[in-house]
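Visitor: Which chain is which? The protein sequence lines are A and B, in order. Under numbering that gives the first Met the number 0, the first residue of the first sequence is numbered 0, with each subsequent residue one higher. Under numbering that gives the first Met the number 0, the first residue of the second sequence is numbered 0, with each subsequent residue one higher.
For the record, the hints were derived by calculation from the structure and aren't laboratory data. Hints are supplied without guarantee of correctness; some may be wrong.
Stated by the list, open to error - With a cut-off of at most 25 angstroms between alpha-carbon atoms, the simulated BS3-like pairs for lysine-lysine come out as follows: (1) K288/A with K187/A; (2) K223/B with K94/A; (3) K187/A with K93/A; (4) K44/B with K288/A; (5) K325/A with K44/B; (6) K325/A with K16/B; (7) K86/A with K277/A; (8) K299/A with K284/A; (9) K225/B with K44/B; (10) K3/B with K203/B; (11) K56/A with K277/A; (12) K231/A with K284/A; (13) K288/A with K299/A; (14) K44/B with K86/A; (15) K223/B with K325/A; (16) K203/B with K44/B; (17) K56/A with K111/A; (18) K94/A with K284/A; (19) K94/A with K71/A; (20) K16/B with K203/B; (21) K3/B with K16/B; (22) K277/A with K44/B; (23) K187/A with K44/B; (24) K231/A with K288/A.
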Amino acid sequence: MKTKEKFEIGRRSFLKISAGAALISGVGLPKKVHAAKEGQLATLIDLSLCDGCPDRKVPACVAACKEINRDKIPPVADPIPEPWPRKTIEDWSKKREVFNRLTPYNFIYVHKAEVNIAGQKKTVFVPRRCMHCDNPACATICPFSANHKNKNGAVVIDQDLCFGGAKCRDVCPWQIPQRQSGVGIYLKVLPGLMGNGVMYKCDLCNERLKQNRLPACVEACPREAMLIGPRKAVEQAAEARARRMNGYLYGKTQNGGTSTIYVSPVPFEAINKAIGPKPGQPHMKVNVKRRMADTDPLAKTVLAAPVLGLAAAGVAGFLNRRNNRKSDSGKEE
Amino acid sequence: MTEKILPEKNLVVRHSKLELVEHWAIALSGLALLLTGIFELPVAKRYYIINIPGLGWSADFITSLYLHYAAALVFTAAALFHVAYHGLRGETGMLPQKGDFAASVTVIKSLFGFGEEPPMHKYLPEQRLAYAGMALTILMLMVSGLVKTYKNLYAPDMSHTVLLWATWIHNIGFILFFLAFLAHMAAIALKPNWPMVRGIFTGKVRLDYARHRHGLWLAEIESKEKTTDAESGPTPPEQPTGAEGDQVPTEQPAPRGGEGEETPPEP
Numbered sequence: 000m001k002t003k004e005k006f007e008i009g010r011r012s013f014l015k016i017s018a019g020a021a022l023i024s025g026v027g028l029p030k031k032v033h034a035a036k037e038g039q040l041a042t043l044i045d046l047s048l049c050d051g052c053p054d055r056k057v058p059a060c061v062a063a064c065k066e067i068n069r070d071k072i073p074p075v076a077d078p079i080p081e082p083w084p085r086k087t088i089e090d091w092s093k094k095r096e097v098f099n100r101l102t103p104y105n106f107i108y109v110h111k112a113e114v115n116i117a118g119q120k121k122t123v124f125v126p127r128r129c130m131h132c133d134n135p136a137c138a139t140i141c142p143f144s145a146n147h148k149n150k151n152g153a154v155v156i157d158q159d160l161c162f163g164g165a166k167c168r169d170v171c172p173w174q175i176p177q178r179q180s181g182v183g184i185y186l187k188v189l190p191g192l193m194g195n196g197v198m199y200k201c202d203l204c205n206e207r208l209k210q211n212r213l214p215a216c217v218e219a220c221p222r223e224a225m226l227i228g229p230r231k232a233v234e235q236a237a238e239a240r241a242r243r244m245n246g247y248l249y250g251k252t253q254n255g256g257t258s259t260i261y262v263s264p265v266p267f268e269a270i271n272k273a274i275g276p277k278p279g280q281p282h283m284k285v286n287v288k289r290r291m292a293d294t295d296p297l298a299k300t301v302l303a304a305p306v307l308g309l310a311a312a313g314v315a316g317f318l319n320r321r322n323n324r325k326s327d328s329g330k331e332e
Numbered sequence: 000m001t002e003k004i005l006p007e008k009n010l011v012v013r014h015s016k017l018e019l020v021e022h023w024a025i026a027l028s029g030l031a032l033l034l035t036g037i038f039e040l041p042v043a044k045r046y047y048i049i050n051i052p053g054l055g056w057s058a059d060f061i062t063s064l065y066l067h068y069a070a071a072l073v074f075t076a077a078a079l080f081h082v083a084y085h086g087l088r089g090e091t092g093m094l095p096q097k098g099d100f101a102a103s104v105t106v107i108k109s110l111f112g113f114g115e116e117p118p119m120h121k122y123l124p125e126q127r128l129a130y131a132g133m134a135l136t137i138l139m140l141m142v143s144g145l146v147k148t149y150k151n152l153y154a155p156d157m158s159h160t161v162l163l164w165a166t167w168i169h170n171i172g173f174i175l176f177f178l179a180f181l182a183h184m185a186a187i188a189l190k191p192n193w194p195m196v197r198g199i200f201t202g203k204v205r206l207d208y209a210r211h212r213h214g215l216w217l218a219e220i221e222s223k224e225k226t227t228d229a230e231s232g233p234t235p236p237e238q239p240t241g242a243e244g245d246q247v248p249t250e251q252p253a254p255r256g257g258e259g260e261e262t263p264p265e266p
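Work out the full structure, taking the sequences as your base and the hints as a guide.
Guide: See below:
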C-alpha cells in the first residue's frame, strides 16, 4: 500500500503534472495570467526512508546532483581578482569533491544527525538543499533579478546575470546559496570594485523539469525517500505520512511556505539541535519567519501611492478653486 | 495668484507654500530613496559603511527595503500630486519650449563669462530641459518600482522578461537620478544661481535679481497685476491696499546697488 502511494505521487503524477508545468514555465505560452499556481510543484523528503546510502561513499542523490552539474561552473579566473576594500574571496574550485556541506559545486548534502529523543539516541539522515520558498526573498530582492522564481516553484539563479554579491545568502533564512569567486559577468565589468563571483544553489533541475524529467536527486534515490509532484498532492501525501508515523512536518509553513516538505518521525527541534548549524550546513529551526512579511503592509501602501497623490491633487484643486471663487465674489461685493 | 511683487521688501514671491512642500517632499524622499537604494546593493559590508556610526543598519536589506518603501510612498504620491495639481491649473512654465536647447547653451556660456544672458522667464531654459529630464527619470523609477513592489507582494513568479525590464529600467533610472542630483547641486554651486536658492527655502527671491535676470517673468507679473487692479478698482498700484483693508506701506524707491545688497526686512 505504502509503495503504491509513493509510486503514484512520485512517478506517474509527476509526469502528468509536469507537462502542464513545463507549458507554464516557458516551453509553451501560458493561457491565463493566473494559471501559475496550478502548475506549482513540490517535493517531499521522507526522513523515515532516507538512510544516507550506507553502502555508498557519496549518497546517491548527492552523487547524481554532482554529476549533472559537473560542468556548470566555468573555469575560474587565475588569479581571482582581489575585491576592494574588503578582500573576501570564496574559492571552492580546488575542493570540488566536498560533499558533506553546501558549496558552489555541491547543491545537496545529507546531514547525519544523531538525535536524542528522551534519552534514546536515533540517527536520522537529512538531505539538505534549497527549500524553493513560495515568496523567496533571495529572488525578489536580487538587485539584478538574476535569481528568479519560476511558475513551477523552482527558484533559479541565472549564472550569466549574477554578480555574486551574496545578498541572496544574507536574506535566505538558511543561507543556502554559495559563492564561487572568479567566475561570472563581474569579471567583465569592474571586478575589483563590484561583484565577487556567482552564487550557486539547487535549481530543482529546472531544465530537466521542462523536459518532463525528474530532478536528478529524486530519480537517483534508491529508497524513493524523495518525491516530486503537484503541490497539493504532495502536501496531502506529506500530511498523511506524518499522521501515520505520528511524525512531524517541516517546510510547509517555514519562511511563509516552501515547495519542499520534510516528513520526519522525530521532532525537528531535536534535529536542529543535533545539526548545530555551521557554514554550508543550515539549521532546521522550526520557527522561521519570512522577514519581508514585515514590509508587506507598507508595500501595499506604496502601490496605493499614485491614487493618494491624485486624490490629494483633486482635493487641493477643489479647495483652491473654492477659495478663488470666494475671493472673487468678495471683490465684486 | 501666487507670484507677487513686494517692492517694499525688494522681493518677489516665486513659489507658493504648497510648491515648497512639493519640492522638499520629492527632494528629501528622493535622497532617502537614493541612499536606501544604494543599501539594497551589497555594498554596506564590503565598503565598511556599517562601521560608520549610525549606519550599522545599512547591511540589513530588509530594514533598507522598509525605509525605501516609506520614501517611495512620499515620492510617488508627491510626484503624482505635482503633475495632476499643476496640470489641472494649466501651469506649464516648467515644460520645455521651442529654442530652449540653443538658449541653454547661451545661458551656460554666459555663466562662464562668455556673452550676455538673454532675458528670461521665471524658469531658465536649462531648468526647463532639466525638469523634463528629471520627470522622465522619475517616471522610469516610479513605474519600474511599482512593478517590483507588486512582484515582492503578489507575484514573485512573474514573467522574468517583464521583471528584467523593470529591474534594468530601475537601475538605469537610479544612475540617471543620481547624476541629475549631482547636476542640480552643481547648478546651485554656480554664483549667478545663488539668489534662486533662497527661493526654494522661503518662496521669495530678490526683486533686483529677478529684474536683472528674469525680466520676462517680471513683465508678465506686472502685466497681470495691472489687469487685476484695473478689474478690481481704481486703487493705483503705487498705493496698494491689503486684502483685509490693512494699511500697507507705500512703495519705497527700488534699491540700488550690486547683487547681495538687500533691503532690510520691514520691522
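Visitor: Decide, hint by hint, whether the structure agrees.
Guide: Results for each hint:
no.: 1; hint: K288/A with K187/A; in the structure: violated, 37 angstroms
no.: 2; hint: K223/B with K94/A; in the structure: violated, 80 angstroms
no.: 3; hint: K187/A with K93/A; in the structure: holds, 23 angstroms
no.: 4; hint: K44/B with K288/A; in the structure: holds, 24 angstroms
no.: 5; hint: K325/A with K44/B; in the structure: violated, 59 angstroms
no.: 6; hint: K325/A with K16/B; in the structure: holds, 20 angstroms
no.: 7; hint: K86/A with K277/A; in the structure: holds, 22 angstroms
no.: 8; hint: K299/A with K284/A; in the structure: violated, 29 angstroms
no.: 9; hint: K225/B with K44/B; in the structure: violated, 62 angstroms
no.: 10; hint: K3/B with K203/B; in the structure: holds, 9 angstroms
no.: 11; hint: K56/A with K277/A; in the structure: holds, 22 angstroms
no.: 12; hint: K231/A with K284/A; in the structure: holds, 24 angstroms
no.: 13; hint: K288/A with K299/A; in the structure: holds, 19 angstroms
no.: 14; hint: K44/B with K86/A; in the structure: holds, 11 angstroms
no.: 15; hint: K223/B with K325/A; in the structure: holds, 20 angstroms
no.: 16; hint: K203/B with K44/B; in the structure: violated, 44 angstroms
no.: 17; hint: K56/A with K111/A; in the structure: holds, 14 angstroms
no.: 18; hint: K94/A with K284/A; in the structure: violated, 29 angstroms
no.: 19; hint: K94/A with K71/A; in the structure: holds, 15 angstroms
no.: 20; hint: K16/B with K203/B; in the structure: holds, 10 angstroms
no.: 21; hint: K3/B with K16/B; in the structure: holds, 13 angstroms
no.: 22; hint: K277/A with K44/B; in the structure: holds, 21 angstroms
no.: 23; hint: K187/A with K44/B; in the structure: holds, 23 angstroms
no.: 24; hint: K231/A with K288/A; in the structure: holds, 22 angstroms
The structure fails to meet hints 1, 2, 5, 8, 9, 16 and 18 from the earlier list, while all remaining hints are met.
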